[in-house]
Amino acid sequence: MSSVSANATAAVAMGRGVSLTSISVRVLSGVAYCVSGLLVLAILSPIGISLWGGITTSRAMGTASEVGPGWQQQAGKAGDIFAERTRVQTRYFTSLWYRYVLRVYGGTILFTLELALLSVVLTTAIGVAASYALVRYRFPARGLIEEVVLLPMSIPGIAVAIALIQAHRTIRPFWYIILIGHLLYTMPFMLRVVTNTLRSFDFVALEQAAASLGASWWQRMRWVVLPNLRHAILVGSLLVFAISLGEFNASFLLNTPTNQTYPAALYDTYNLDSFQVSSAATTIFMVMLLPALILLQYIGGREVGEAGQAA
Amino acid sequence: MKRAFAPLLVLPLVVFIVVFLLYPLAYLAANSLVAGGGVLEGRTRAVGALTAGQWWAGLTLENYVKVLTDRYFVESLLHSVMLSLGVAIGSVLLCLAPAWVLVRAEFPGKRLFRAILTVPMAFSGVIVGFMAVIMLGRWGVVPAFLHWLTGEAYLSMVAYTLSGLVVAYIYFEIPRATLTLEAAIRKFDFELDAAARSLGATLGQRFWYVLVPLLLPAIISTVALAFAVSMGSFGVALIIAKKFNLLPVDIFLEITGYANFEFASALCVVMLVITLATNLYLRRLGERLYVFRQR
Numbered sequence: 001m002s003s004v005s006a007n008a009t010a011a012v013a014m015g016r017g018v019s020l021t022s023i024s025v026r027v028l029s030g031v032a033y034c035v036s037g038l039l040v041l042a043i044l045s046p047i048g049i050s051l052w053g054g055i056t057t058s059r060a061m062g063t064a065s066e067v068g069p070g071w072q073q074q075a076g077k078a079g080d081i082f083a084e085r086t087r088v089q090t091r092y093f094t095s096l097w098y099r100y101v102l103r104v105y106g107g108t109i110l111f112t113l114e115l116a117l118l119s120v121v122l123t124t125a126i127g128v129a130a131s132y133a134l135v136r137y138r139f140p141a142r143g144l145i146e147e148v149v150l151l152p153m154s155i156p157g158i159a160v161a162i163a164l165i166q167a168h169r170t171i172r173p174f175w176y177i178i179l180i181g182h183l184l185y186t187m188p189f190m191l192r193v194v195t196n197t198l199r200s201f202d203f204v205a206l207e208q209a210a211a212s213l214g215a216s217w218w219q220r221m222r223w224v225v226l227p228n229l230r231h232a233i234l235v236g237s238l239l240v241f242a243i244s245l246g247e248f249n250a251s252f253l254l255n256t257p258t259n260q261t262y263p264a265a266l267y268d269t270y271n272l273d274s275f276q277v278s279s280a281a282t283t284i285f286m287v288m289l290l291p292a293l294i295l296l297q298y299i300g301g302r303e304v305g306e307a308g309q310a311a
Numbered sequence: 312m313k314r315a316f317a318p319l320l321v322l323p324l325v326v327f328i329v330v331f332l333l334y335p336l337a338y339l340a341a342n343s344l345v346a347g348g349g350v351l352e353g354r355t356r357a358v359g360a361l362t363a364g365q366w367w368a369g370l371t372l373e374n375y376v377k378v379l380t381d382r383y384f385v386e387s388l389l390h391s392v393m394l395s396l397g398v399a400i401g402s403v404l405l406c407l408a409p410a411w412v413l414v415r416a417e418f419p420g421k422r423l424f425r426a427i428l429t430v431p432m433a434f435s436g437v438i439v440g441f442m443a444v445i446m447l448g449r450w451g452v453v454p455a456f457l458h459w460l461t462g463e464a465y466l467s468m469v470a471y472t473l474s475g476l477v478v479a480y481i482y483f484e485i486p487r488a489t490l491t492l493e494a495a496i497r498k499f500d501f502e503l504d505a506a507a508r509s510l511g512a513t514l515g516q517r518f519w520y521v522l523v524p525l526l527l528p529a530i531i532s533t534v535a536l537a538f539a540v541s542m543g544s545f546g547v548a549l550i551i552a553k554k555f556n557l558l559p560v561d562i563f564l565e566i567t568g569y570a571n572f573e574f575a576s577a578l579c580v581v582m583l584v585i586t587l588a589t590n591l592y593l594r595r596l597g598e599r600l601y602v603f604r605q606r
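Residue numbers (my numbering), protein chains in the order written: chain A, 1 to 311; chain B, 312 to 606.
Fair warning: there could be bad hints in the mix.
[What the hints assert, rightly or not] A short, non-exhaustive set of chain B residues, derived as facing chain A with CB atoms under 10 Å: (1) 318; (2) 327; (3) 328; (4) 406; (5) 411; (6) 462; (7) 465; (8) 466; (9) 469; (10) 478; (11) 582.
[Unchecked claim] To be clear about the criterion: a stretch of chain B counts as covered by chain A if any three or more of its residues have a C-beta under 8 Å from a C-beta of chain A, and this derived list gives those stretches: (12) 429-438; (13) 553-566.
Please keep in mind that the hints were generated in silico from the structure rather than gathered at the bench. Think of the CB as a built atom: it goes at the ideal place given N, C-alpha and C, for glycine as much as any other residue.
With the sequences and hints as input, model every part of the structure.
What follows is the structure in structure tokens.
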């Protein structure tokens, strides 16, 4: 990257030479800063409001209702929390909404985390092996296979869900149909990150060097190829985890009555519960997502950008 | 392991994709070609419970005729396309700014700035819908603020209109669009810009004839992505598209409301054809431009 020369040119472009152009350059960059600032504000303010809404009562909010029809439906499950509602009306802050969400939707949180972890394990196992074979060896339909695996990135999740329900109606009642949906939508990211890394250096030469020293296939995998893929696999796993947590388009129709993912539970709270309960539920989701996002930020900027691009 | 067997490493993936993606999609297409059942017509049968003979005998284009002639569905289709275009154009225009700032500016907290911009990437659509309601709903933050400022709650209920949907989907697109455009701007050779300047090009000319053509592949890629996401991601629409019809929401209602899988399949096929055709066309366009640039 020629950042030095770019900076030098920028210095020339934005230099002291007073001209009409340099003024308009300044105006333009001013506009760019303002738009960026507005975008940051637009991203942060609803997050901030959810944080705040999750801990306040209607007394602090000045709004009318704290409970929606969902609250009544869940009265049995919510139990003592339901009774506590009348007492918090005299206070400003409460943890009641969080306790309600954890009590009523706690199972869906665990299920979603399980799905995300399983997705990571399976995409790693299947995806890394396939990526290696796709880059390393020449065989028929190589390009086609890659295209088809990346296909879900550009087709609507609801169509895939409806197709799955109809074609595999025998497994419709089971929880793993949701896992299949998640795998279809996370596999492209793992494959992309790993194949990009494999194509970015000449690992075949490294392997040949190892082979000439007498390393077996397994030894070459264990000591040459996989160590070089460590970073890519980590970034891919984090992407898969984050995407699986938030997956809604495909899994909403794949959900079974007993197995619901957390984003679907969020949909329920938005439709049935009050602003406070919805806010608490949203905040819980963001907390689940946060570790993966922070780690991604620290270890992989480039790959994330590449993986995020259109297939 | 013998070299001849090594490509078998790809086998689990191929089996998975064939069984759970290609076969279901083929099934979807096949099922869209038989007459719609659904509770309204009183013709409900178990999902997909059709033998090959029955399927062959019942072959008809009825569903497609309905999709393409019924005013309601044509309208949904148009809404979806309009939404996608709005999101595509809006996200490119808005995200050029932060992409530019990320490449050209150095300031404390730049890392945090980038982190904040990537936050919406992993949100589900439903959350973005909820946030649109918080910000632009009946008594959202923006109308409440404008009410405090001017005494009139402007922009109230915007979340439930087409422009509200466009804004919500742009929120969703910010990370992807910014990262794609940033990568392109980073590759941009600023010597070219300096050369154009020294030849007397105005700022507008430099922007339009130097920067935009070189960023075009990235812009096209952003547009393609925005199109795919706003066609497909129906979480946002499910929360806020209450006032008008959109294709993904129609599909959802066909299934949950009427159990009309055959007609829903036809709608899905139409949606798939539109998204795939657009995607392919934009990709070809991008490749052609790339070749052009290499010359």
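Hints versus structure:
no.	hint	result
1	318	holds (5 Å)
2	327	holds (7 Å)
3	328	holds (6 Å)
4	406	holds (8 Å)
5	411	holds (5 Å)
6	462	violated (18 Å)
7	465	violated (17 Å)
8	466	violated (13 Å)
9	469	violated (14 Å)
10	478	holds (9 Å)
11	582	holds (6 Å)
12	429-438	holds (count 10)
13	553-566	holds (count 4)
In this structure, the hints that do not hold are numbers 6, 7, 8 and 9, in rising order.
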